[in-house]
Structures are given as C-alpha cells and as structure tokens.
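Peer 1: One-letter residues, chain by chain:
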Amino acid sequence: KQEVTQIPAALSVPEGENLVLNCSFTDSAIYNLQWFRQDPGKGLTSLLLIQSSQREQTSGRLNASLDKSSGRSTLYIAASQPGDSATYLCAVVGGYQKVTFGIGTKLQVIP
Amino acid sequence: ETGVTQSPTHLIKTRGQQVTLRCSSQSGHNTVSWYQQALGQGPQFIFQYYREEENGRGNFPPRFSGLQFPNYSSELNVNALELDDSALYLCASSFQSAYEQYFGPGTRLTVT
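Residue numbers (my numbering), protein chains in the order written: chain Z, 1234 to 1344; chain A, 78 to 189.
Be careful, since some hints might not be right.
One side only, chain A facing chain Z, incomplete, derived with CB under 7 Å [stated by the list, open to error]:
id	residue
1	Phe146
2	Gly181
3	Pro182
Hints are computed from structural coordinates only; laboratory data are not their basis.
Note that the Cβ used here is the ideal one computed from N, Cα and C, for glycine as well.
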C-alpha cells in the first residue's frame, strides 16, 4: 500500500526566504508525482507535474525534484511571498491509476 | 478554455439519504477522478473514469458509485449517507491518467 508523507506539517517563514518542502513515498513504482497548493476551503491548484522518467521541473520561483529510487521529492520555493501562504500537497499516481496524497505542509509567509 | 466546475457548492443531507454530485471536465479532457477530503486531511482517491468506464478505485465501499457521460462530465453518487461522509468532495480532470490533473472548487457535503 502506497503511503505518502510530507515534512514538515507546518512551516512559518519571513518574506523573502527560500524554502524546501519534502514529500516521501513508500512504493517507487509510480507514473508521476504532482505538487498542488490549496487555499482554505478551496480546490487544488496544480503547481508542477513530474513524470517518473524526469528528475525535475521548474515553473517561475518553483522547482520540484524527483528521486524515484529513494522515494523522495522536494518542492523548492525561492524568494517566498505572503501570497505563497497555503497548504502544499504532493500526490503520486501508481498502479491501477490509484492516486495517493500526502496530508500536506501548511506554509505561512510572514510579511 | 473552460475549467473544471462542480455543483452544488454546498449540500446538507440527513444520515441514510442519497446524494448526487456533479462535475464538468475541462475542455479536451477524457479522464475524471473523484476525491474525498476530510478536514485537515489530504484528499482520498475514490475512483477514476476514463471514456465512461471505471478505470481505478480507492478503498471506498460500493455505496460510492459514479458515472461518466459521453461529454466526459461525471457524477458521484453516495447511498445510505453516514456522518463520516461529511467532507469536501473534489473532482479532477485530465487527458488520461498520466497527465496533469486539474481540480474543481469542490462540493462541501454535510451529513447530519
């Protein structure tokens, strides 16, 4: 059974700081890994998708890496802004199209 | 390009009742997945539909069922509602399961 863990559960940083969010998964047989952000009570916004054959993806201030063999992914956010405050979730797609999410990291960026 | 939409936004039902939630896929997407998100938890995968066929299922009982229509819109049906079914229900569409998922805003279901 796939399990996805996200560390830390919560993070508070001053504006402008660079930060790293971690995601680990127990079964390396995945098709892809996707990072999302979720604002309170809202749906999920896709940030980055990494296919199993890829090592990283970048979009603006965001960079996500994937090390499938060790079951780890990181989301790097550069020069954090108050608007980045949200919960960040990672999800892996495995066999039989089953998608497993972590519980998320709640990020607060303080002005 | 129209995004993923869900209806209704909020819903209150009584234990034992049945509910139907609806989702319209993003244009060009043929795959829809449904998730249940309890407060403070990550979304839990319910099932996925690809071209009107169930294509994968999570650990949910048979009283959770779904449909996908020829226009790729979808319904989630839940029978014999229980208090623990209270949650945010999210649908996501994609062009096949290996591609990026786009989520709707969700339906907040409260069971009393």
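Peer 1: Taking the numbered hints from earlier one at a time, note which ones the structure violates and give those numbers from smallest to largest.
Peer 2: Checked against the structure, the only hint that fails is number 1, while the rest are satisfied.
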